[in-house]
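J.: What follows is the residue order along each chain.
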Amino acid sequence: MQRIGVFVCHCGSNIAATVDVKKVVEVVSKEPGVCHAEDYPYMCSEAGQMKILEAVKEKNLSGVVVCSCSPRMHEATFRKAAERAGLNPYMVEIANIREHCSWIHKDMEEATEKAVILARAAIAKVNLNTPLKAGESRVTKRALVIGGGIAGIQTALDIADAGYEVDIVEKTPSIGGRMSQLDKTFPTLDCSACILTPKMVEAAAHEKINIYTYSEVDKVTGFVGDFTVDIRKKARSVNSDKCTGCGVCQEKCPSKKSLNEFNRGLNTRSAIYTPFAQAIPNVPVIDRDACIKFKTGKCGVCEKVCQAGAIDYNQQDEIITEKYGAIVVATGFDTIKLDNYDEYAYNQSKDVITSLELERIMNAAGPTKGHLERLSDGKAPKEMVFIQCVGSRCSDTRGKSYCSKICCMYTAKHAMLIRDKYPDVNVTVFYIDVRTPGKNFDEFYRRAVEEYGVNYVKGQVGKVAPLPNGKLLVQGSDLLDNKQILKEADMVVLATAIEPEASVRKIATMLTASIDTNNFLTEAHPKLRPVESPTAGVFLSGVCQGPKDIPETVAQAGAAAVKAIGLLAKDKLTTNPCTAKPDELLCNGCSQCANVCPYGAITYENKEVNDHGIRETRRVAQVNSALCQGCGACTVTCPSGAMDLQGFSNRQIIAEVDAICR
Amino acid sequence: MPLNENEFRPKIVAFCCNWCSYAGADLAGSSRLSYPADVKIIKVPCSCRVNPMFILRAFEKGADGVILCGCHPGDCHYSTGNYYARRRMTLLFSMLDYLGIEKGRTRVEWVSAAEGVKFSQTMNEFVEKIRSLGENVRLGDLRCKN
Amino acid sequence: MSHRDYSGKIKEISGVNPYKCMKCGKCSATCPSFNEMDIKPHQFVSYVLNGDIEALAESKSLWKCLSCFACVERCPRDVKPGKLIDAARQIVVRERGGDYLSADEIPELLDEELPQQLLVSAFRRYKR
Amino acid sequence: MKYSYYPGCTLKNKAKVLDRYARSCAEVLGFELEEIENWQCCGGVYPLGNDEIATKLSSVRVLNEAKEKGQELVTVCSACHHVIKRVNDDMKNVEDIRTRANNYMSLSEPYSGETTVLHYLEVLRDKIGFDKLKEKVVNPLTGKKIGAYYGCLLLRPGSVMAFDNPENPKIMEDFIRALGAEPVVYPYRNECCGGYISLKEKEMAKSMCDTITESAKGFGADMLITACPLCMYNLNKSAKETLPVYYFTELLAEALGVKEEADEE
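Protein chains in written order, with my numbering: chain F, 1 to 662; chain S, 1001 to 1146; chain U, 2001 to 2128; chain E, 3001 to 3265.
Derived by calculation from the structure, the hints in this document are not laboratory data.
No residue lacks a Cβ here, since even glycine has one placed at the ideal position from N, Cα and C.
A portion of the hints provided could be inaccurate.
Not close to chain U: a few residues of chain F, all C-beta gaps over 10 Å, as computed [stated by the list, open to error]:
1) Gly33
2) Asp334
3) Cys389
4) Gln460
5) Gly462
6) Pro468
7) Leu479
8) Lys548
9) Tyr599
In silico lysine-lysine, BS3-like type, Cα no more than 27 Å apart, as pairs [claimed, not checked]:
10) Lys106(F) <-> Lys1129(S)
11) Lys1103(S) <-> Lys106(F)
12) Lys400(F) <-> Lys1118(S)
13) Lys471(F) <-> Lys3170(E)
14) Lys3217(E) <-> Lys379(F)
15) Lys3170(E) <-> Lys337(F)
16) Lys2064(U) <-> Lys400(F)
17) Lys2011(U) <-> Lys400(F)
18) Lys3206(E) <-> Lys2127(U)
19) Lys400(F) <-> Lys421(F)
20) Lys1118(S) <-> Lys506(F)
21) Lys1129(S) <-> Lys2011(U)
22) Lys3217(E) <-> Lys382(F)
23) Lys2064(U) <-> Lys3202(E)
Using the sequences and the hints, build the whole thing.
T.: Here it is, written out as structure tokens:
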């Protein structure tokens, strides 16, 4: 029998306001094995931890139960305290009486009763705990960054500057990401390319950074400190070492009808192409679906005109396998498809565009060379209407329930830039709320109204109807005037909701990183661990975690880098000691456990056993505790009950069940 | 909800995986999304750690309902654990139904770390269901009764 | 019934949770009868929440809604303003028997081409 | 293929042509419409109140008839289609309505939304196929520029009606194309004609229809087609002379070469 101390935390009033902590102490002190019980206002404080230390020493405790907040918050704190007192840290269990009790129940009697039961379950478990010892694993001093936008570039630069090798994997032919598609950036109106390009160049030139463009992550195995990743370098059909980036091939390519992805499909590009002028690397790729040579076997113009002899039609996809200690996800975002919002006539009229398309139209390298014009007839618009929250803040089934965060500001930017460059164009913005929390943000929005005369109308638009004369009839609300407005516009710009890049789901699955219902990656803790995934060794950078603007993205990219550096700086990691352990005498050598193990941690060996005096050689399971991650799949699969999980043993869990059902 | 002597207070055991559902329950807590105190959570590393034996044991000891929560299919921290759990529970629940423990008393639900609302809703629904079914009389170990 | 009871009744009949409304005004932007209404579609939610049922019951808007569901289809919050308006109309019709349309005036409203369906529909909407 | 058929009140009276052509075309296209016996009027409008049961029962009766015959139920009139399809959805998904309606009906076996409700156009699209329809056309309506008028009832609410994209539908345009004519797409094809409001608010309904007909004319339509007698009535008050409105079945009969035949009957 253990000698158990129970410590009940008030958590100020967080617990004590709903749970009668004195009563809990009183009841649990009568539980078998409990020889000390007390309550304290803040167990996580230094003084609170000292209570544990003192009690362990005075009462010679062998186990500790802390009734407090979630173990996800302070389990590590209390385990360290126990260790300081000379106890094995795995002799500590937490009863979660805050998140699972005091915060969700109102009635004191009911909450106290439940807190007692949760404490009993933890006590019952500790009674069966055994000291565990964590092993060690090595750390590969190299980081992988998935995604080469501003988030990925910044993370890679910060990690590399700290002296560690970094690989960036980018699926498009160039790094740069969404930021490279933007024209100007709020609230300072910097030219996006002017501030991004130097970072791209710096990353490309950095001796510690290795960039794989036109590449995707194919497979991830391993765990924190020791991931093994297969990177698929897609066939570029151009030899990067030979190519000089002269661009003649793109000029001469006869297939020029493919939609230009970089310009959001607003114009076309050649089959051999670099996405934009500042692309890094400045090496084109051949789009094999569009290339005449690949489709018909005839053509070969690019090969003929390439003086460097860089064109290689026979290039194959290449798989590169590399080991990493840390992985940073920076996969970014896309705008949602607007097929569910045909009331805004996006699919019916070329003059209804998304804001990201407007960025390309406003950009000198865009489809209209930076001239603001209607895509239907090339005419200069006189009336422009912006519609906010298209697909954002929609709790119906059509859109996204969240606020996309960046739209209010970029719309103010667009409106201001248009009024600045084309003072004869009237700009009307239909908005629900204007959200401008951020440094100099509200001032920026007010400038759009006060200095540039942008007409902000509070109310949503219900329908955009193309008219026979080529204009668009915008039917919207003016809620402050209690009117329905009918406004003829030449162009309509939709502040389209953003969503995580589609590939993120596949990547999250490979990394076993959790993802929420909107496909944003989940952070380990929403406030305190915002750049870490719950999966150890995986970090989050940029919009893949949630909507954010460029400064926030860069800040988060730096934070993710610091977390990765903190991991890479360690030589060894302590491993989770809660691993599977076979009882060799019960094992019948059937191999079923090895079949279900996702880590290949179970092997079999022929071993001499002493079964009640009978010595014989049997085929028995062996668990490699460095590989085992402690999921427990094998324990349930084992037909003879030989496999058990340390820290979550069959007996421990049953003891908890019994305590709860008592 | 004040305690009422005559009201049926079911005993409900919820097994929650450490990575998704336990965190989802934490989020329900920090978001103050209430559900009845009848639900008591046991943390397991993964839904695949839940041995059918644990569930039988719960009913034997007087539980009125058992719910197993794990990561959404495809999102398991250990890649495949929840698939094993799903298959095992399908078989087990079918057997329990045969033994007279109604299907409504057992449930598997996928709750991610971000789904505090879903966790709370699920528990409210489940408790409601168990209350409508009343006390479980099957499989109980009579020696446990007073 | 008190005003609060009427608010509850409207919520019950319509199945609408007016708290879901984020006051974007898309319903009013969408409504083809907007100009004919004295209380506008987006205001219905506040009238119900504030329990201002008397004004709602006296409103012309009840008889101007076409039940065309454009607001229901386009509402980003799934509030269904059209159902809310119909519930208010239902309460008036049930309590007063519906005095908006009387059988006596039908003959003069008829013409040669008027389809049966129109009479059936109008009676369904305006009468008990 | 044999379907249960619900014509509805107006198709037996003011809109006889809508019904007649639907039947004669079905014959040519190789499916049979078996009229439900002793059907009752659907009520014209779907009762929106969650607590209304009695007004939904006539639809439930029809749906159950079709279920007992093991047939899918075909409608032509937009209003009937709307009402019956939505009641069916209630019977399938709303437990309270299902229970109470079944209590009233005391059927031998409770009805819970088993019947599939199809609009005639859906039969053409999903069962026959517009390609096949095109093959059967003997008098292609070449050169005609036709605007499809959908109105509200076929499309909304999109989640229940599941007829087509409620904001940018194309089933009628595809239908027009299959008949050899040119569809004219105009933005007000899914806006309301005024519906039942035209009984008492004639001006209001007319102004709504004016918006629709002006838009259609502006985009070059010579005529409109509709599936709804009420829409036709309202639209005709707006621009009967300059923009005639036809039932879609009438043009179908013309293209299939059975128009006179049907007229003689």
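J.: All hints, please: hold or fail.
T.: Tested hints:
1. Gly33: holds (50 Å)
2. Asp334: Fine: 20 Å to the nearest Cβ keeps Asp334(F) off the interface.
3. Cys389: violated (7 Å)
4. Gln460: Gln460(F) is in fact no farther than 10 Å from some Cβ atom of chain U, at 4 Å.
5. Gly462: Violated, since 3 Å does not exceed 10 Å.
6. Pro468: Consistent with the label, Pro468(F) stays out of reach of chain U, its closest Cβ about 20 Å off (over 10 Å).
7. Leu479: Non-interface label on Leu479(F) violated, nearest chain U Cβ at 5 Å vs cutoff 10 Å.
8. Lys548: holds (22 Å)
9. Tyr599: holds (44 Å)
10. Lys106(F) <-> Lys1129(S): Holds, at roughly 22 Å.
11. Lys1103(S) <-> Lys106(F): Between Lys1103(S) and Lys106(F) the Cα gap is close to 31 Å, so the pair fails against 27 Å, i.e. violated.
12. Lys400(F) <-> Lys1118(S): Judged against 27 Å, a Cα distance of about 17 Å means the pair holds.
13. Lys471(F) <-> Lys3170(E): holds (22 Å)
14. Lys3217(E) <-> Lys379(F): holds (25 Å)
15. Lys3170(E) <-> Lys337(F): OK: Lys3170(E) and Lys337(F) at ~19 Å, within 27 Å.
16. Lys2064(U) <-> Lys400(F): violated (32 Å)
17. Lys2011(U) <-> Lys400(F): It holds: about 26 Å lies between the C-alpha atoms, which stays within 27 Å.
18. Lys3206(E) <-> Lys2127(U): OK: Lys3206(E) and Lys2127(U) at ~24 Å, within 27 Å.
19. Lys400(F) <-> Lys421(F): violated (33 Å)
20. Lys1118(S) <-> Lys506(F): holds (23 Å)
21. Lys1129(S) <-> Lys2011(U): holds (25 Å)
22. Lys3217(E) <-> Lys382(F): Cα-Cα ~26 Å, so holds.
23. Lys2064(U) <-> Lys3202(E): holds (12 Å)
Checked against the numbered hints given earlier, the structure breaks hints 3, 4, 5, 7, 11, 16 and 19 and satisfies all the rest.
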